[in-house]
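Going down the list, the protein sequences come from chains A and B.
Under the numbering used here, think of the first position of the first sequence as 1, with each following residue one higher.
Under the numbering used here, think of the first position of the second sequence as 313, with each following residue one higher.
Read the hints as simulated data drawn from the structure, not as lab findings.
Incorrect hints may appear among the rest.
What the hints assert, rightly or not - With a straight-line Cα cutoff of 35 Å, these simulated DSBU-like cross-link-like pairs (lysine-lysine) come out:
| no. | chain 1 | residue 1 | chain 2 | residue 2 |
| --- | --- | --- | --- | --- |
| 1 | B | Lys743 | A | Lys200 |
| 2 | B | Lys706 | A | Lys113 |
| 3 | B | Lys650 | B | Lys706 |
| 4 | A | Lys182 | B | Lys688 |
| 5 | A | Lys113 | B | Lys792 |
| 6 | B | Lys792 | B | Lys579 |
Owing to the predicted nature of the structure, the values given are computational and were not obtained by experimental measurement.
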Amino acid sequence: MTPREKAALQRIGPLLALLAVCLALSVASRDFLTVGNLFNVMRQVSINALIAFGMTLVILLGGIDLSVGSILALSSVLVAMLLKGGHDPARATLLGIAAGAFMGFLNGLVVAKGKVAPFIGTLGMVTMLRGFALVLSNGSPITGFSSDFFSVLGNGYVAGQIPVPVVWMLAMFALFWFTLRKTVFGRHVYATGGNAEAAKLSGVETDRIQILVYTISGAMAAMAGIILTSRLNSAQPTAGVGYELDAIAAVVLGGTSLSGGRGWISGTLIGALLIGVLNNGLNLLGVSSFYQQVIKGAVILLAVLLDRAGKK
Amino acid sequence: MPLQVTMKGINKAFGPVHVLEGVDFTISGGEIHALVGENGAGKSTLMKILSGVYSADAGTILVDGRPVSIRSTRDAEAAGIAIIHQELNLIPQLSVAENLFLGREPRRFGVLDGARMRAETARWLEKVDASHIEPTQEAGTLSIGQQQLVEIAKALSRNARVLIMDEPTAALSDREIDNLFRIMAELKERGVAIVYVSHRMEEIFKVCDKASVLRDGHFIGERRVADTSFDEIVKLMVGRELGERFPSRKVELGAVRLEVDDLADDKHIKGIHFEVHAGEVLGVAGLMGAGRSRILNTLFGVNRKTAGRIVLDGAPLENDRPSEAIAAGIAFVTEDRKSQGLVMGMSVRENATLVHLRKFAHAGIVDARAEAAAVKALIDELSIRTRDAELEVKSLSGGNQQKVVFAKWLAEPPKVLLLDEPTRGVDVGGKAEIYHIINKLAAAGTAIVMVSSELPEILAMSDRILVMHEGQQAAIFEAKHTSQEQILTAATGGN
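So that you can see chain B by itself, here it is in the shape it has in the complex (with noise of 0.2 Å):
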């Protein structure tokens, strides 16, 4: 009889932020099976539970029926469960078979014992087929594929039944990633289970068994995935309606202000080619690592460009810093409040000011008089909720931490706005909020380029959406004649 893991009613939150509700999910040995949904739906929350990163805060977890606790990765391990990140954990100073045995070193007289971790290793790595892979090599000498090999062997040397694999092609060529899926199909031979976790249809509709669907943190559903289709995936992933969620707005379009012409950087985007009018709001969409914040960098002078024309208002803009980008009335509100939006020990007040602090300014020095006003016009404007301007902005909710965001590019009204997931960690009061913001800046002229994993929200708030597949341009859609199944499928690469 194989291998069954059960996860049941599993509840998470994070503060106020309830992650997961009560999700179930099941996975036998012998089988592949998918875990999929959108961003933020709660896939690496539900993995990081079940291999012991994080502990649920109610609901079972049964190996073969049994209820087990686990409250640590030590737990996890001693149940056979493993997970392999996004981000592989090698230390890349070791060799392959000090990873392999990191935290278990066989001793022999109380000294390391290498002769018998090489012995091992190397048996372990013939498992992945990976013998062209020596244990004395470095780790950080390894591809990202081979990298990912060793991972795997180090799970199996520690009796791992169950592989969590979180993103695993995300960075392989496609050689690697065809092994991959071959090592993958003899371990479900051999009965281990598989969990997948992957944004890539194609990828689960070629190796997985099953799928399991989250959205916004409950369990939709689990399909077998030789009776289902990628539409049905798809629309279980997405399904909500759209309902006032997001006020709605007049659009005006003006001139052009923003034309980008073939835009490309060393690695990560090329043949960007887009134009934004006064008033429009241009949404970009795409999976995690699409090069859709790439773009904005690239306009922000962050990123530098290796080819291609910014013309804005009809004069070419050549930007190689932030300064120079804003001088040319450009705003940028980040995607990280945190570390690239605001200095957290600084006030509400200095914050607002930072970026037009010379507009209070004369001969370098502040008048105080005038930032404070300007400071005070814009907690209104913006309805910031701070008993003071002088509080430290990290006392703030995320809402109104957002909030000094923008208004940090407000003294003075931009011309272009870029828009870095920008409802990210703000509560639905609090979007509302600053979709108004967005359009009241759109309507004033504003032409605005936002860039976002939440596709209600991009489908809503935008005129037109550009779709990001691998660094490259998949299609722009009219808003009004598209939907999410349609993004979705230019943004996994499908037609």
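Only chain A is shown next, with the shape it has when bound in the complex (with noise of 0.2 Å):
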């Protein structure tokens, strides 16, 4: 095998996983192939595959961005505010997103110029967040919004029967596949993830890729939490929990290094995708939510392991 094939079977792992899994749920049950079904699957994973899109680009950079759960929350509850104070719902959604691409900022500064490790700076605004999310809020959701257009961004579809969340997902995918692939800045995430001292000799501003990059972590997160909020008719300060973890399993199961430079955009699209798959597969089938977890954990770890062992 020559090293591109070997490089192109890696990459369509994730897909024949996802392929098989779709297949084997569409044998076991009768209601998991029809157009309804797989829209609203993948309406269900557009929250987790907007989050892991910039999740991708941060653990391109060798990084983790643990905070995107709590920025969904909070950038909700601003939301909601804004909209319960009467702005233009254009307006506050637009606000939503710079609300959280600023928080991802702040993620970026702590890491790229205080120095801090990812897993640390990120830790601390988990809580920080958290903590305002729920002094704005009071600790208690914001519901009742009354604009169509706010309504329409989670519940809406477009052409008769494709989600709305579903269309803002590929759109994003659209987005990032570009940048990754044809842009200076696309480049320059690889090269500092690849190798951060090589990068910075060659010129790279490595430094405000950085920052670049978890603000954008920040602005998907916010955006996710819009849809989340849209979707509910409910922005909730405790939303978002645990959502990080989702995101990293999307990223990883396809394909993308923890360790940096190496990675695929597509492959988080399947991964998120084969997460949604099992869940929405697992519940036609009535298994229990308990055990869902358990499977759900055991796919990763196979698939993480079957990754491992075709890299040798």
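Taking the hints as your guide, dock the two standalone chains into a single complex.
Structure (structure tokens):
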């Protein structure tokens, strides 16, 4: 096998796994392989996928962003307050995303300029931002938005049956794919993650790249938060707990290396779909939610072990 | 009868590179024996074999005439051989006593016997005149000189009869050096054999009884220090003829491109002063740690300058970051390809365009066709041998990897090219090709500053040679009118 073929096989592995799980589920349950159900799965996946896209960039740098769940919650609360305060829903949405971006920017500063290990730096933000969300909302959900526009973001359909969150997800996927493959910024992300010192000595502004990437991760978490808030018609300060783990799982399932420098956004999409399909299929099969966790965890371990074996 | 350790016919290769070939080395108890040679001559490898860090591919080691098998540091310890590395190996968070007994802690009823550890530590420290060091003190709080004494005590406490010291004075103050020499003399009186690996000629002539010389992995000869001279040892060390290994070059110097005036950083270099003309190669020679690379790093904005002026094409240059140096037209082929030069997991193409990627992009979007064409041109120009520009750069040979490092900088012709050990780890054929590239760039009007530890290379490739000694500029020689001996003398602080 040439190195190129080997790399191609490695990249196709997650896709094969996804197809295998889909095939198994279509045999096991008649309800799985229907257009309605598949769009349903994708809608459920969209929130995790959006967070995971941002997380992919962070992990490509060799970093980690544990704060996405808290950013999601705080942005949601902020947007809900703006809506309740009578702001234009489009503006509230954009401001919410900007707020998430700002929180990510702070992460980036801590990591790039403060030279704090990403695990620790973002861990601090987990608690702090969650605290702000609780303070601002007084600890209780903010519910009941009258705006149709805002409701469409999470509940609407395009062309009759494609859920709006799925459109968001696919659009963001296309944007991330293009950015990583075709832009100077994307190349610099890979180079910084692959060898930060060599990148810096080649004139790459590695600090700037780091800050920008955490900013993007924050914006993506906020975007996911807005969709969640719209779907539930409610912003919950306790939302998003543990979401960082699902996002990291999607990234790793997609074949992106935790040590940085190597990975694919398409892998992340497939990883997120794989997790979503498993959830959905196990639900359809009536597996208890306790066992679902056991199975999901086992699948993630298995996938990563297979990936390691393939690299040798 | 004193102890005698003999190494005979030692061979060692790393991959295709033969580092030692048929090397003999003998040391007896009660002598201090210098092991000298240029960087890369094989001194460290030979001593790592004697101390069990590496195993020899061929050859025998005899202790008092009996062959011993040394396959690990444990074997070496059993044979009474200990090495004190240049980077000291104490664990800074542990106490002196804990370090001394690491791995063989005395126990009483299954728990550590702290009292005995401390008492015995004190006894060993006394033997190296270091009773001022407390056994309970954290090793990390000691000065380098004190840590070295602890290392020596540790070796003695393990019954070492052969003590290998690798550049032991490199980080010591003058007083600490005197103290160390006194203790070495005492150990010698007690019948310990000491191998002294050092670049510092004056020290060798001060404390050593014998000197063995290695060159290019071969044993060249052994001399009694009393019967030899500084000049003879240096001649033995360098001794090879410059053949056709270096392509000739017609020098046509242009205007001054780079001026460096009284350059200094916080502690490693000071008073650096030189100029380089268009088309000129300025070699920078000196021993390891003399500040050669620091000069390049400071010019490139990696190392902060605290004083002095850098002028490029008549305009003063303030660069705090590599990106600013690059924008000003400075290129930097770094010393260590793996950690500083290349992103090993990326392709040849991606590495080759890393520096000047924006040249092939519009509004931040890379024009894949323009990039591929430029990479193809660079591959042809530098004759980089790779089946495919999409291959990961780590699959290439050392010489071809180094050419990719050059390619990074050549998408846009640089005004000044900084080279740090440009042919390290490159085979002979690859070296010649890299020399051609350097000459071609000089001919195109680039001003080149080249740091190299290989004296023949620096003599043949440079127009002038700046010699560094302990962070200061010792001399600048015209390459045509100097010799390896003269450079080495200046580099070791002689006159």
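*Could you tell me which of the numbered hints above are not met by this structure, giving the numbers in increasing order?*
As far as the earlier hints go, only 5 is violated by this structure.
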